[in-house]
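Chains as they are written, first to last, in the numbering used here: chain Y, 641 to 1178; chain X, -10 to 565; chain E, 3 to 339; chain H, 3 to 299.
Simulated restraints, written as ranges between beta carbons of each label pair: (1) E:Leu190 to X:Ile59: 45 to 51 Å; (2) E:Arg248 to X:Ser70: 28 to 34 Å; (3) H:Trp78 to X:Asp451: 49 to 55 Å; (4) H:Pro54 to Y:Lys674: 55 to 61 Å; (5) E:Phe67 to Y:Gln964: 52 to 58 Å; (6) E:Gly8 to X:Met86: 48 to 54 Å; (7) H:Ile104 to E:Phe67: 36 to 42 Å; (8) H:Thr128 to X:Ser335: 34 to 40 Å; (9) Y:Thr758 to E:Asp60: 39 to 45 Å; (10) E:Leu202 to Y:Lys674: 23 to 29 Å.
These are computed hints drawn from the structure, not numbers from a lab. Idealized CB from N, CA, C, for every residue including glycine.
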Amino acid sequence: MKRREFLKSAGALAATAAVSAPSVISSAKAQSRKETMLIVSESGPNNIDIHGVGTNVPGYEVSWNCYDRLISHEMKDVNGTPYYDRDKFKMELAEDMNVGDMSATFKLKKNAKFQDGTPVTAKDVKWSLDRAVSVGGFPTFQMAAGSLTKKEQFVAVDDNTFRVDFARKDRLTIPDLAVIVPCIMNSGLVKKHATEKDPWGLEYTKQNTAGSGAYKVTAWTPGTEVVMERNDAWVGGKLPEVKKIIWRIVPSAGNRRALLERGDADISYDLPNKDFVELKSAGKLNIVSTPYSNGIQYIGMNVKNPPFDNLKVRQAVAYALPYQKIMDAVLFGLAKPMFGAAAGAPTQVAWPQPHKYNTDIAKAKALLAEAGHPNGFETTISFDLGFAGVNEPLCVLVQESLAQIGIKCSINKIPGANWRTELNKKVLPLYTNVFSGWLDYPEYFFIWCYHGKNSIFNTMSYQSKTTDDFIDGAVTAAANGDKATYEKSVKGFVDTAYADMPRIPLYQPYVNVAMQKNVSGYQYWFHRRLDYRTLTKG
Amino acid sequence: MLKAPTPEVDVGTALPLLDIRDLTVEFATRRGVVQAVKKVNITLAKGETLGIVGESGSGKSVTSYAVMRILDRAGSIAEGSVLFSGLDLRAAPESDMRDLRGREMSMIFQSPRLALNPIRKVGHQIEDVLLQHAQVGNESVSDKAVEVLEQVRIARPKERYHAYPFELSGGMCQRVVIALALACRPQLLIADEPTTGLDVTTQKAVMDLVVELTRERGMSTILITHDLGLAAAYCDRVVVMEKGHVVETSPSETIFKHPAHAYTRKLMRATPRPGITLRDLLPEEETARARPVAHNPVLATEAPLLAVENLVKEYPRKGVSTTLKKMFGTTPVPEGDVFRAVDGISFQIARGESVGLVGESGCGKSTTSMMVMRLIDKTSGTITFGGEDIGSIPARSFATLPQRKRIQMVFQDPTDSLNPRFTAARAIADPLLRLSDISRGELRARCEELATQVGLPLQFLDRFPHQLSGGQKARVGIARAIALKPDLIILDEPTAALDVSVQAVVLNLLQDLKDSLGMSYLFVSHDLNVVRLLCDRVIVMNTGRIVEQGPTQRVMDAPEAAYTRDLLAAIPHPPV
Amino acid sequence: MLTTIGKRLLTVLPTLIGVIIVTFLLTRALPGDPAAYFAGPAATKEAVEQIRVSLGLDRPLPEQFVRYVKDLGRGDLGNSLSTGRPVVTEIVSRLPASAELTLLGLILSMVIAVPLGILAAVKQGSWIDHTCRIVATAGVSLPVFFTGLLLVYIFYYILGWSPAPIGRLDAFTSAPPNITGFYLIDSLITGNFETFRASLSQLILPAFTLGIFSLAPIARMTRASMLAVLASEFVRTARASGLDNRTVIITYAFRNAMLPVVTTLGMVFSFLLGANVLVEKVFAWPGIGSYAVEALLQSDFAPVQGFVLTMAVMYVALNLLIDILYGVIDPRVRLEG
Amino acid sequence: MTETVSIAPAAAPKQSSNSVFSHAVYVVSENPVTGLAFGLFALIALCALIGPYIVPYDPLASDTAAALQAPSWKHWFGTDQLGRDIFSRVIVATRLDFIIAITSVALVFVMGGFAGIAAGFFGGWTDRVVSRLADTIMAFPLFVLAMGIVAALGNTVTNIVIATAIINFPLYVRVARAEANVRREAGFVQAARLSGNGDFRILLAHILPNIMPIMMVQISLTMGYAILNAAGLSFIGLGVKPPTPEWGIMVAEGAANIISGEWWIALFPGAALMIAVFTFNLLGDGLRDLVDPQRRT
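In isolation and in its complexed conformation, chain Y is listed as follows (with noise of 0.2 Å):
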């Protein structure tokens, strides 16, 4: 209650200093200031093009908006928030897509132009195609999710038609041709840049944005800001009304909110929880939270070493998280529950749900006895430094939580840098991580998560005949659109899953946006980072 109040008398203290203080910005600027979206967030792009090496999610933001796909999806309503619709597609630059059974064809907008006037022709798009499939590293690997894979499998018809064909039946390769990955460029302009070392112009897309999107990066410092403007030529949907776009990037959380509460920065979105909680309780801005889709955040276990080897010792741990806790303190409830199902609560044909385990401690200590270590043991909690504010705080309250089981464990934390080289080693006995598939279909989590092919999202090592076999499963009878088979699958490899527990999921993270009262527009997407293109500011 006491917190509340200083809240509110904080608030009310900002509230009077926006009032009275001179304004930062002079009247001079205040026209290009409605024009322009002010966006403030933790970090920024080390590379706008998403084939390049190591782009980081940032960079991600820069090529959704800068660059076209042929198709994109379309909008429905989640709650009064516009949510991405996973099953219905809208046309970018395409005019028109006509899907066959082993083949898709696309017609080419006429008038779309990249930005330095030159017309986008179905050339171009095979050459960005060919490049999303053989520069390798993430791009590759995210075409073949969707069962692209060969250059082969892209033709320009005509100036004006392309086809994509198909290796083999896959229900996801539609949907992934409307990821950020199979952007258009322009061939001949990157071309030019390219090198016998570099075939594919990274090096130049690295720097300068070569699409035909609504906007064009102007100025980029690493680390301090980008700047876009916008393509007034753009016909891959309605102009968008923001003129110009400002990113800067600040490292303290303190101060982002300080620029949203002061009227300063339009949006952000990476504020601790505790922030959005508040600033939607003061009311000032607007606060937008939607979960993140085919997302969790999960304590993973590595299974092939003891003691997590042994299937009573991961139920008691299980037993042991301080699931509410965890919601409540960490959190500050912008999160969706993942666990403590009702008993006799029937499995759904969905990803992510809850799973019945609830904090017991009483139990865990005696499944903790049952599997040999009645006075528990030590291991090491590791999580990804870069998410410290949500993983910190979590690992206390699990280490306090198994502490009470006899498992003494300590905490290592390990800088982002190393988190994925930490992960691949397949060693760490127990960690927190979240997981989110940008496709949004059970099995497309499962693949990555749990299949026995082990990849490096696999971090518990988890091989099972049975759940592999149900995930293969369900990708056939998707294919073929053999519904029953693909619901009895999904249940099958959710209940496997949760039966021998080698990650235990905690909850669904929430995406939250903050943003001033003027600003509206916003869209969720599955890759969780802004679409200037809808924005409106007035």
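Chains X, E and H: place on chain Y using the hints.
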């Protein structure tokens, strides 16, 4: 204020220039208030030269600081008055005092080099004073400064005007200080030990200059010194101070012929001068008790204890910026540019003999003693000690060799030579612990024995150096040097930092120890009067070479070298 | 003079070589695997391996070192893996930001600390002395990031006197043309007073944060050396010559007292450059400190090496400058040099 | 303070037993700031010693129901995000911070102090090697070097201590070298040589004790910087491991909450940190006076 010219000395008749009445100066210290000057009465007539003589702690400097009102923060005038031309200085506001200082009364301090701002051209420093007291206008000030420099007999004053203090010799610096003090033609000059730290020859030149200038201008002068001889030689009247009191005030001649106060007599006697023996330095009652000086006949046939042949020491010449050295610790040596501190000297010391090594600063006497001491390595030549060539043993390894026991040293500065963190007993015990096989149990007894031998009361053994007086520290240093019963002791100006009365005692102690222990001494000193008392033979050095050596009596009475003659002539001679 | 500088430069060579070796080894000892980081979230082991080869990270250390030194010789500091730009360009564009901030911080600090130190020495033992000591010490007792955040909270969030802490300029003022890289100077040269005002107002808080942090060492040093000089013979002589207080304290005492202070400036600067890293993070300052920290945490070798090398060169240059300054103040050094 | 002519004491030699105490009393009473520093130091040392036994709450125990409470009678300094009692955490953290400060200083004193003395005393190659090493370290921006070391070796308390010691190395070398250099030609060193002391013994028994007073100032200053350094590392994320209470990491964690109004999370550990650094800094002069026998008249 118009200055009345006072060409004649008129003691007693007119209003005195300076009248100090019942002056008491107090210092607030940690142990409470200490009176440094107690009820002092001094008058100074116009044109008079007054000497204030006393040993350290007598309050002579404090008196002068009180006159100038430049006492430390902790000090204050508690009582009495200071009248300057009838003006009460004690009551004068600070702004008036500032006007008086430098214009009406000036002061010269000891260590002239330190008395000048190291980073300001000497000409500008003189101008500061001239401008402060509005002696000249801005436009002609530099001409005036040059003129002032000229008056203190500085050659090429126009060039010197642009010199920094470090570019001038010690004597030259003192001339600049004098110029600074006299620039505004004050009526009173206070010279506080103006010649301490200067070589005898320079000392004489500086004193002569001061006297000449003050006489010429009819100024009054107060000369503060510990050297009774100096005071008597240059002053009309002498005030003797002891522990804050004035014990006697008399004309110079009287004070030497008929010292009235016992302390004056003691001081008088302790001042080394020609024609006396070592024992004469001690107060009368002690002279009687002292053993006569033993004369160990030196046998010419016997092999010498120490023989030095063609000894040379070269140093690389300093050339690179000192900050460079500070930053990088090493100095690249410019090739071929070396300085010969000791330039091929040869001499011998017999067993039981006491040899004086005399010369002015920089003549190489200290370097020679350090080489003989095996503290530094020679460049060439031989050092034979007790028949053994010790010169070829590296200095670094000599410290732990048994030969180390046989050559010891008493250092110039008793304070500097004692480890501040060792008690007296620990300092005396140090050589015993390192170089003898004395047991821990016997150690204390041996220390006490040594302390008794050097006349150090036993209760001082557990004190730290800063808790001891200068004389006591000197005794500790001597006790340490004789602890291992060495054959040769090098005495490096052992009394230079001591008051004369203490010096008298220490010199006698050294003589007694030599007699009883049969050691040889190499006595390094700049003071011929002292050397005369203690040494059988004397070696005179100048610029790294020996200019003359021979029996003390002969060298003193009939010097052969011109340099020796200059040296002897420069010693101030009190009226006898 | 030139030969002195030449000799000085020669003596710093071992230092620079030492810095190069230490940095190289240190960066290689960092636990991260840049290859895995840059392979992206979904890379296979083969993909990681491929990137490792393309980055030359599969070669033995000595070979990598030789290659690094060869590149250095050509003035090539390599490319930052995380921003993809040549490190040289990045440093050149970011150095002025850090230098402007640090210098202003240092100047601010000197402007406050030197008079404080003098005052404390002149009034030694008085309450003024104690207050100076407490104030200066209190400044150095807080972690810089905390001071910075506190200042932002008070002067931006609560009072609104200071502009938003988002770097060198607010989002709507354009940067002045790049002449010296120092916004204050460049905006003045081009007569753009609005930009000057904007960049100055952005600079004030971070510069104060740094300044507060370095008050103590400067004030302490000034006081100590002032005390020593005030007790010296030549100050006594000056007083005995009747020179007024101002001349004694400024012309005689202060100029001499500045000598040791000037020598410590190099150290204080090095100290500030370290603190700068944290201040830049708090104020979203686009300097090289924050750049290096990010790179360090991402195991991005090239920027870290480039940063350290730049700092080492700056440190050496600064010390050279201090030597020259020392020579200007102290004739004894001038003559010998 | 310059000492005037020292007057030979009249007191009997047995004075030395209680003089240490009376000297301490004098040093403290002479300078009120030093007195304050000594008082605070005693308080800090006491907290480090008995802190964990007197605190009202378990510093590690979370209580999410009582999270983010403002200071009250129940929780004097309020509670943090996980409902832990900040007062208990601040008090318990004293020990760790104290240990970090003391061990890092001890380490650098042993390394830098001895290297510096040897460099100043022997000169020549010893000096060249030590000075170059110090210069090399000095040429790094020190905090970044500390970050690099901790990042490379891993963020444990030991490594923080090592990194802190390394970055302070040049400071110790400089001071020790300069002081030893001044004394290498001193009379008492020559005398020690005449007494048959080898170089090593002169270094340890004669020179080292004499430069202790000035080293004391250095030690106390670097003790403060050690804590600041650890705090800075925590801010970057390279500090000690959670949930161990440590001032720096508590300030760093709480710093994000200042703007949202929970000032107490950062303020109290910040104040504790400030008081400690402040105390260590001010202590130096007092310690010097205490250790210096010259001042004990």
